[in-house]
Amino acid sequence: MSETSSSPQRMEDFVQMSALLTGFAAGTIAPSLDPVDLKSTLFAAAEKGAGDAFDRLLDQYAQLAGGKPVSQMTPAERQSIGESLLGLDGQPSDPQTTATARSVMRLLYLGYWYPIDGSAGAETVVSDQAYVRGLAWRAMQSHAMGFSTWSYGYWASPPPPLTDFTGNPAPAPPADAAAEVPAGTAAASLPAEAAAASTLGQGKGGQSPADLVGGR
Amino acid sequence: MNGKRYDVVIVGAGIAGSLVARELARRGKSVLILEAGPETPPTNRETYLENFYLAAAKTPESPYPPLEGSRPSAEPAPRATVADTFGSNVEPGWPEKVQSDPDAFIYDPVKSYLLQKGPHPFASTYERVAGGTTWHWLGTSLRFLDNDFKMRSVYGVERDWPWGVDELLPYYNAAESSIGVAADAATQERELGEIGLRYAPPGYQYPMQPILTSLVDEAVTGGIGGATGFVGFEGLGVEVTPTPQGRNSQPYANRRVCAGNTNCIPICPIQAKYDATVTLSEAKQAGAELLSQAVATRVVVGENGAVAGIEYLRWQRDGSGTIERTPGTAVGTLYVLAAHAIETPKLLLMSRRDDQGALGHGVANSSDQVGRNLMDHPLYLSWALFDDKAWGYRGPLSTAGVESLRDGAFRSQRAAWRVEIGNEGWNFSIGDPWTTVGDFVLGTNASQLNPDTRTLFGDALVAKLNDVFPRQWRMGFLVEQTPEPGNRVTLSTDLPGGAAFTDGLGLPRPVIHYDLSDYTKLGFVYAEIFARDVYRRMGLRCYTQNPKEIVGRGGALVANPTWFPLAPEWRQVFASLPPELKAPEVTNLPAAADGIPEGFQYFGAGHVVGTTVIGSDRASSVLDPAQRSWDHPNLFMVGSGNFPTITTANPTLTLAAMALMAADQIAKQLG
Chain B
1 MSETSSSPQR MEDFVQMSAL LTGFAAGTIA PSLDPVDLKS TLFAAAEKGA
51 GDAFDRLLDQ YAQLAGGKPV SQMTPAERQS IGESLLGLDG QPSDPQTTAT
101 ARSVMRLLYL GYWYPIDGSA GAETVVSDQA YVRGLAWRAM QSHAMGFSTW
151 SYGYWASPPP PLTDFTGNPA PAPPADAAAE VPAGTAAASL PAEAAAASTL
201 GQGKGGQSPA DLVGGR
Chain C
1001 MNGKRYDVVI VGAGIAGSLV ARELARRGKS VLILEAGPET PPTNRETYLE
1051 NFYLAAAKTP ESPYPPLEGS RPSAEPAPRA TVADTFGSNV EPGWPEKVQS
1101 DPDAFIYDPV KSYLLQKGPH PFASTYERVA GGTTWHWLGT SLRFLDNDFK
1151 MRSVYGVERD WPWGVDELLP YYNAAESSIG VAADAATQER ELGEIGLRYA
1201 PPGYQYPMQP ILTSLVDEAV TGGIGGATGF VGFEGLGVEV TPTPQGRNSQ
1251 PYANRRVCAG NTNCIPICPI QAKYDATVTL SEAKQAGAEL LSQAVATRVV
1301 VGENGAVAGI EYLRWQRDGS GTIERTPGTA VGTLYVLAAH AIETPKLLLM
1351 SRRDDQGALG HGVANSSDQV GRNLMDHPLY LSWALFDDKA WGYRGPLSTA
1401 GVESLRDGAF RSQRAAWRVE IGNEGWNFSI GDPWTTVGDF VLGTNASQLN
1451 PDTRTLFGDA LVAKLNDVFP RQWRMGFLVE QTPEPGNRVT LSTDLPGGAA
1501 FTDGLGLPRP VIHYDLSDYT KLGFVYAEIF ARDVYRRMGL RCYTQNPKEI
1551 VGRGGALVAN PTWFPLAPEW RQVFASLPPE LKAPEVTNLP AAADGIPEGF
1601 QYFGAGHVVG TTVIGSDRAS SVLDPAQRSW DHPNLFMVGS GNFPTITTAN
1651 PTLTLAAMAL MAADQIAKQL G
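Protein chains in written order, with the numbering used here: chain B, 1 to 216; chain C, 1001 to 1671.
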């Protein structure tokens, strides 16, 4: 590898690659004002866990991205790079780097490092901050279990919009979003207020997830 | 201890022991509490919280010592944990081995503190630290119903209690004040008065306004609130009732208001949820003394049949981690065992002397009932996806339930239950968000949400997770378990290889024999049918799984220890259901199954009950109606071990009320 592991360029590649794979904005993963510096913790965990495969994955990403920030890529460019990193493009791929890409995704989403050899029950929590700032909780427009900085009663109102949590524009709903609705059963009978409220956005008890920065 | 004689010596600093200690200390009595585990000053909440954040398996026990990965044989105060029951601790062929080899158990005895002989495992756990299991309780604070106390008289099943709800009512009020319960009595009485919920005096008010219910509760209320006509519940209606909860809806007892951490179990980060360190602190302020890291090893009975002392081992670890132990004896006028429903009978059985005579079966055991009638609420989980987002994973873990079916004529035939409505998506059900994130990253389908085994990334991954997580929902049915003498706690030292199965102090470990009766199992049948009808009425797709086999040690498939088959005679119950209650959408079964399940899986509810039951007949109970040993006039016990039946309600409020009742009796006896 041409850069030292902690070099700013290497870190930037890691943040950009993480943004592309997770669907969260680079500024959400690594805010410009970043006293927590979670990115360094996550980088170190991936480096320790995957070793050379992590280096090769970053090399591959740097080559594919060509220095272009994810926010400036077209959807097709992001799709192409993601498929390459994950070995989904039908091309020959390195099973160790594709496994590392998946472990990095789970690292960002959950704060756990899952060994790239897939060994069961060997996953570890990287740090308390990695857990409480896991992106899975943001994807559900909530907070990590055991880390609410919201206030009493917030759960009686819908959360702020998803874009507040991802830092990205709202994604298109999944193509199969309605596929789970079984045919031939009664229509859902949610109360009209609840159905309406789910589109209203910011709830009265909700705070912006940005308030999470700074800790409990 | 130091030659001092106390008015009262208490074993166990959980909610029951701490309440008794506080009440007696406030009345000027000298009180000593022996606590097996470490004492916990308030600042150590941070330590416990950090343990939770860093635990890979976020089990109810994960914040508390000894931490996951420790060995029960090396710990001075080990206890049962959910991690003990992981599939990786189950050997292939265990059902046969447990029967043929007296030293074989369902779970690997190297990892599992409880030595489980089956045929099914006891699936609930507890803590051995100051504050006890309330550290990880949910906070649900339901009163028992009128008929709960007289199941034998009214329905011809189970046991009667030696007294009724009226005797307990003033103590319920006092317990609700001690815990700090948030609820509206008028709402509770309106929805549940008909099935025997009681309050006194008229106009009684809970200490706090009710906790706000969740959007999940709102969706369920919209779907089934006020509905009738559920199979097996003729004449009964469904109400979705806000749950009385031991968490703050306003500042109370110098503790903060609930911030909805969605983490009541394993640990409330801000102590908005009551735990017994609150009461323990009050007891100490009133003068009670606490001796922590002091494991009671023997209840000593004098010549006159009265208890003369409690022997204990005080332990600490030296710099190298070696356990140092110092023996002592605590002496008092009266003694109270409050070590919860597995450690208390263990202590009584350990105190056995000689093979015959008064103490041949152990202390307080002339009835041979000590350790018997072990109960739990075997928990049936059923889970589904809402059509629209109902926003789970927010707020307290549960804020409402279906309580209106907890009593009815059907109880002469089968177990009743309450339904706990979960606010945590499929976290309990399948271990989400970990499982579903793993599925869409790895292209697997453990969650059943990725049938095409797609790998997603970027916007598509966010969109998918945002689509499914806020729609996840589960119900938990707390099924009442019958008291059975064969469900019991015994000692490892009575096994052929018993000397190999001791704890880090060289003390015996609990051996558990446990099974579910047909009465209890039939409660599962009607829970499953109810769940189907809920999904049908709300148009939801069911995802419940009842795996007959799980991944065991070394990756091999093994029989799931918490699965039991549907009895052949119950097939007809399902076969005769209308077609809409047999459809794959509401059953998650293949159409060819015709809606008939192979069997059910249960979970532990964390409700450790029975083993030192009260009764009006000394031949069939351990304690008299005053919660005093029939055999030893100065020995009391408190806690859920005293319950003759488990009923359908979470036990903590009632055990707290009974502890306060016992405190009055003890004070009276001390004079």
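If you're looking for bench data, these hints aren't it; they were derived computationally from the structure. Keep in mind that the hints are not guaranteed to be accurate.
To be verified - Using C-beta positions, here's what the derived DEER-type ranges look like:
{"no.": "1", "chain 1": "B", "residue 1": "P8", "chain 2": "C", "residue 2": "V1551", "range": "24 to 32 Å"}
{"no.": "2", "chain 1": "B", "residue 1": "G90", "chain 2": "C", "residue 2": "A1556", "range": "45 to 53 Å"}
{"no.": "3", "chain 1": "B", "residue 1": "G51", "chain 2": "C", "residue 2": "E1050", "range": "24 to 32 Å"}
{"no.": "4", "chain 1": "B", "residue 1": "S151", "chain 2": "C", "residue 2": "G1431", "range": "39 to 47 Å"}
{"no.": "5", "chain 1": "C", "residue 1": "G1431", "chain 2": "B", "residue 2": "Q91", "range": "31 to 39 Å"}
{"no.": "6", "chain 1": "C", "residue 1": "T1047", "chain 2": "B", "residue 2": "Q72", "range": "43 to 51 Å"}
{"no.": "7", "chain 1": "B", "residue 1": "G51", "chain 2": "C", "residue 2": "P1565", "range": "45 to 53 Å"}
Since we're looking at a predicted model, the values are computed, not measured. Note that CB positions come from ideal geometry on N, CA and C, so glycine has one too.
Comparing the hints with the structure gives:
1. B:P8 with C:V1551: 24 to 32 Å: For V1551 (chain C) against P8 (chain B), whose Cβ atoms are near 44 Å apart, the range 24 to 32 Å is violated.
2. B:G90 with C:A1556: 45 to 53 Å: Violated, at about 35 Å.
3. B:G51 with C:E1050: 24 to 32 Å: holds (28 Å)
4. B:S151 with C:G1431: 39 to 47 Å: violated (28 Å)
5. C:G1431 with B:Q91: 31 to 39 Å: Given range 31 to 39 Å: holds, Cβ gap about 34 Å.
6. C:T1047 with B:Q72: 43 to 51 Å: holds (45 Å)
7. B:G51 with C:P1565: 45 to 53 Å: Holds: the Cβ-Cβ distance is about 48 Å, inside 45 to 53 Å.
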